[in-house]
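Colleague: Single-letter residue listing:
Protein chains: 4
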Amino acid sequence: MNDLRFAVVGLGYWGPNLARNLVGLAGAELAVLCDERPGALEPLLARYPATRGTTEYERVVADPDVDVVAIATPIGTHYALAHAALEAGKHVFVEKPLAASLEEAEKLVRLAAKRGLVLMPGHTFLYSPPVQLVKELITSGELGDIYFISTSRVNLGLHQSDASVVWDLGPHDFSILQYWLGEAPSHVTALSRGCVIPGTPDVAFVNVEYGSGVIAHVELAWLAPSKLRRTTVVGSRKMVVYDDTSGEPVRVFDSGVTIRDPDSFGEFQLSYRTGDIVSPRVDASEPLSIELADLCDAIRTGTAPRSSDAIGLDVVRVVVAAERSLRGGGIRTPVEASGTSVSAT
Amino acid sequence: MNDLRFAVVGLGYWGPNLARNLVGLAGAELAVLCDERPGALEPLLARYPATRGTTEYERVVADPDVDVVAIATPIGTHYALAHAALEAGKHVFVEKPLAASLEEAEKLVRLAAKRGLVLMPGHTFLYSPPVQLVKELITSGELGDIYFISTSRVNLGLHQSDASVVWDLGPHDFSILQYWLGEAPSHVTALSRGCVIPGTPDVAFVNVEYGSGVIAHVELAWLAPSKLRRTTVVGSRKMVVYDDTSGEPVRVFDSGVTIRDPDSFGEFQLSYRTGDIVSPRVDASEPLSIELADLCDAIRTGTAPRSSDAIGLDVVRVVVAAERSLRGGGIRTPVEASGTSVSAT
Amino acid sequence: MNDLRFAVVGLGYWGPNLARNLVGLAGAELAVLCDERPGALEPLLARYPATRGTTEYERVVADPDVDVVAIATPIGTHYALAHAALEAGKHVFVEKPLAASLEEAEKLVRLAAKRGLVLMPGHTFLYSPPVQLVKELITSGELGDIYFISTSRVNLGLHQSDASVVWDLGPHDFSILQYWLGEAPSHVTALSRGCVIPGTPDVAFVNVEYGSGVIAHVELAWLAPSKLRRTTVVGSRKMVVYDDTSGEPVRVFDSGVTIRDPDSFGEFQLSYRTGDIVSPRVDASEPLSIELADLCDAIRTGTAPRSSDAIGLDVVRVVVAAERSLRGGGIRTPVEASGTSVSAT
Amino acid sequence: MNDLRFAVVGLGYWGPNLARNLVGLAGAELAVLCDERPGALEPLLARYPATRGTTEYERVVADPDVDVVAIATPIGTHYALAHAALEAGKHVFVEKPLAASLEEAEKLVRLAAKRGLVLMPGHTFLYSPPVQLVKELITSGELGDIYFISTSRVNLGLHQSDASVVWDLGPHDFSILQYWLGEAPSHVTALSRGCVIPGTPDVAFVNVEYGSGVIAHVELAWLAPSKLRRTTVVGSRKMVVYDDTSGEPVRVFDSGVTIRDPDSFGEFQLSYRTGDIVSPRVDASEPLSIELADLCDAIRTGTAPRSSDAIGLDVVRVVVAAERSLRGGGIRTPVEASGTSVSAT
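Chains as they are written, first to last, in this note's numbering: chain U, 1 to 345; chain F, 1 to 345; chain P, 1 to 345; chain B, 1 to 345.
I should point out that these hints are in silico values taken from the structure, not numbers from a laboratory. Treat the hints with caution; some may be incorrect.
Not everything, but these chain U residues come out facing chain B in the computed CB check (under 10 angstroms) [stated by the list, open to error]: (1) ARG47; (2) ALA50; (3) LYS227.
Distance condition first, Cα-Cα at most 30 angstroms in a straight line; then the derived DSS-like pairs of lysine-lysine [unchecked claim]: (4) LYS135(P) x LYS135(U); (5) LYS227(F) x LYS238(U); (6) LYS238(U) x LYS107(P); (7) LYS238(B) x LYS227(B); (8) LYS227(P) x LYS238(B); (9) LYS227(F) x LYS227(U); (10) LYS135(B) x LYS135(P); (11) LYS238(U) x LYS227(U); (12) LYS238(P) x LYS227(B); (13) LYS135(U) x LYS238(B); (14) LYS114(P) x LYS227(F); (15) LYS238(B) x LYS135(B); (16) LYS227(B) x LYS135(B); (17) LYS238(U) x LYS238(B); (18) LYS227(U) x LYS114(U); (19) LYS238(F) x LYS114(B); (20) LYS135(U) x LYS227(F); (21) LYS238(F) x LYS227(P).
Predicted model, so just to flag it, every value in this text is computed and none were measured. Ideal Cβ placement from N, Cα and C applies to all residues, glycine included.
Please construct the entire structure, taking both the sequences and the accompanying hints into account.
Modeller: Now the structure itself:
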């Protein structure tokens, strides 16, 4: 079986990580590096002497010795670059979010389906061992029915003058929630403020509803006294705290409330239970490495990767709905149903 | 100056704390204890031999040697008990919330005003030294303009089958926010779920908007892996974390973002600042003791206490609006303007 | 079976806790309260109207309706008071440490043995649920062989001008270590300094050796930036952190090092293991209540209580040896062998 | 002014960090890389194409185009390599500890002095910004007189079969303490155990005394449930906690005890003070970079670097005394006076 030959396009913050992981990945070859800035290209070519380099994306697309194009460029360019690669018959990995609008995202998904190619958005958190561990706790039934999820992703962090904190940070949580719950939200209600740059939301409170009855709250901010990556999952049997900044990223609380049958007067008898707390050992593997291996598997086997284009599309749907809620002054907004618009072609 | 003679009505969880603090308060006298259950009354009368006891509330109201009635009974009884006491010319202290509906609360406020009596809701957190310290940080301008506030008040806690978590825990945060910001919210949008008892919300995510532009998120839950009382106040100059469960309840972060004038191309130049973190020493006084002293002052001087009936009324307005948002399926709901309905009599 | 009739002597900080727990204890009766200061006596007599009071200890000793004398007076008085009670045929509970010198402690132990009475020192920590849980982890073999123990008991706390921090805080840790390990130390080496009051050690570092090979370090201080009650127990199979100030007072770490047989060149092959961390649920019972129940059982059944006079005597031996090490400028000092001096009578 | 030309010898764990920092350092040139293992040498030569490489140390010593030899090899080789370089007229940087015995360390110090060359041990922690900040708090008098220091450096970490945990971890703390206090210890008393490998101490409790009256405790272990790097410095005016693993590595507590003049009866009046806690912002510079710049300055100006050979020699003296205490069964052991043996040449 031949190695899959990758081109990495966009050598800013994330692209070099893609390159480094591809070099170490069995079954993959870092064939081409591409960035329109020679100053970004040269140091990496020096590090990887067996890799070709180009400042022209057209050459990547036209290169018959490239099987997969991995795109790590600004959001606004995702659509055009991914579209050209798919048209040229290349598999595509594109950093999250999949595209800058729902229409663009849908076009890419349709094109990939038509061509029989893998289109994989880079929702790397889905390959993070703690996220995977929580997924297993949910799937195995250990947590019972999921009641609600509350998550904070805040930091004194990078303001982007051309995108809101919802576009920047939201895809992380929206993809994780979808992976865990196995369903897309039905409605979102968002409140935000552009504290520093007028018109650019840098804090957002997003309430999320699911058809199953689960509710969630997602707090996103570029303004915060300290970094917080704390997610609480409350189930009917157990509860979990997932904290990406902690040495114990997953903590399982054997706590809950038991309700006994209401008596004849309609009174509920509740009993509270506080049991052991367990911090399971979590594997220290690098998520990006697992993600790229999953991409290779998906290409070889023709199955969808864990971070599928379907999830990527739904994430864009949620972001778009949240932005619409914000523009409407915080109104409750339906998330466009998955599948319908895609099948409408 | 004679001592103010208090009757404490309702000797469940909180009433005995009122009694204990009144006994130790200069200028106050614990004259009467009242509870319809002799079993609740007797142990306290044994502890305070100079205090009279009764199981009949009518006797308290009719007692010419009672100046103030302090009510610590279930919410549903607040209106009737407070109304009778005010009609009899007594000053009234009533546990939060002021009453079980906006109409009842407004009637009490009007009656107290007409009679020239003090009506004080027991928003004890307003007398908590950490809350007071944050108030001073805001008022002095040390935090700059307030951008947003995010707060979590969650616990594996007491489910009440006859009230939602919004009625139970919400008044704490709504009163603190109003005290800090000096304004009532304009709109609330709430999402909740009755996880354990169908129809009784035990988790709620409440987004709050203020006319000044400040936004807030209030998370309330009776279901949580661990107790959390964490409030973040983000200002333009500094940020504060207030955590009531910590040995350092107030932490001031000298952190922020500075925006320089946009250049000719509309680009914003931001610089991030991360400075010292200070945990100021916080006085360890018991809030309830300070609160009751403020009540005595208010009665003697004819001024409004910090926990005024105006704040108490606005808190009920916010709770009512949040409940209305919930019943409407999470719609954005205006908070009835302060003052209007009261002055409409 | 008649109730055991207790006299509580010394109504300062701890005596009222003894009284309160005795009142609630099945099989016990709070018969007499004694303090030479009428001002300390009267409020407690008011609270417990069925209890007799006296300011004269002679009356307690002479009282035929007293079965047990519980002594909570300053250390210097323990010997005289306990001796008189034992001579009068009363069982004796005495706050830790048992006495102010080894000679006094030994005399009390001999006297109690001769009279067939229970003499119980108040090492309350032995009844603390977290301490008991760690004891079970050790006894069951879950931790494997114990390698070493390191403990810090520091606080910005009460300086006593007439005793060192070793006499004040040391008995807590020395009793816990003895209970856990089931052996008394063989040697101690101590270093201390009287930082605030010249000649009164307020910080001490005590190295402790056991015949089994276990070593321990005990850090004691009245001067510290924050309260610390942290004990680490490292075993060959698992490790435990016991922190009395934490909501998770016992944490069990499934971590360790495995050594494989040295190869022919004498090289050791080590493999490190980092597994789950578990915070077992710990019962919230009040240790003093369990302790007094154990005292009653010991009296009725004629067996030694968990906090036995043998442990109390060994604790005094360790404190005395530590003080001797300090006076000798930090020399390594043997702990007088248990039993020998007692049997020498 | 010409660049100082460095040879880096030993390309295991630490050598590549030296190389990377030298490449980025103004006034320094990475001239030669040396390791007897070609497999360690080649990847670094590929990264630094302008640098020469050799597997023979003789060539480094003989190279007229090398000004400074930086040695990052196992402890046992320090003496021979550093000696040869000094004899050849090169300045020498050698990883801590300076040498494997006091005799060797003294010979190197004498040789460097005779030749007028800089000999710098790599006590990198002296260049860590938090350590430097604590040094300034002490020097400025903000902490008042230093009473005592307690430090824990424990981890589930690297067992070395040929050295004790005292040789491995001790130099970190002994160098920091000496830098902060400005004096070498007078006596050490150590207790240790070889828990995993018989005869190789993997836990040690070291009590340290200073002529000024300061006392310290140093806990070192390769066996621990979790990584701990916690140092408490207690002064007469303030206290500091330095925790290298925390996002707030230095915390200053404005707490203490004030003693008033004893009254006529010899009673001491103490008052406790608990004030603000401040976490000063700490610079995030890489210590190794600052250390190498200090080395270059020392060479150019002829002054001693902060991590001087005098400190390096005293650190070896303390380690040697601790080892002697251990071999003597935990006896109190004097630290050989600084300077005497060196001046004895």
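Colleague: Look at each hint and say if it fits the structure.
Modeller: For each hint, the structure was consulted:
no., hint, result
1, ARG47, "8 angstroms, holds"
2, ALA50, "12 angstroms, violated"
3, LYS227, "8 angstroms, holds"
4, LYS135(P) x LYS135(U), "36 angstroms, violated"
5, LYS227(F) x LYS238(U), "15 angstroms, holds"
6, LYS238(U) x LYS107(P), "56 angstroms, violated"
7, LYS238(B) x LYS227(B), "26 angstroms, holds"
8, LYS227(P) x LYS238(B), "15 angstroms, holds"
9, LYS227(F) x LYS227(U), "20 angstroms, holds"
10, LYS135(B) x LYS135(P), "42 angstroms, violated"
11, LYS238(U) x LYS227(U), "26 angstroms, holds"
12, LYS238(P) x LYS227(B), "15 angstroms, holds"
13, LYS135(U) x LYS238(B), "48 angstroms, violated"
14, LYS114(P) x LYS227(F), "53 angstroms, violated"
15, LYS238(B) x LYS135(B), "14 angstroms, holds"
16, LYS227(B) x LYS135(B), "24 angstroms, holds"
17, LYS238(U) x LYS238(B), "44 angstroms, violated"
18, LYS227(U) x LYS114(U), "43 angstroms, violated"
19, LYS238(F) x LYS114(B), "57 angstroms, violated"
20, LYS135(U) x LYS227(F), "24 angstroms, holds"
21, LYS238(F) x LYS227(P), "29 angstroms, holds"
Checked against the numbered hints given earlier, this structure breaks hints 2, 4, 6, 10, 13, 14, 17, 18, 19; the rest are met.
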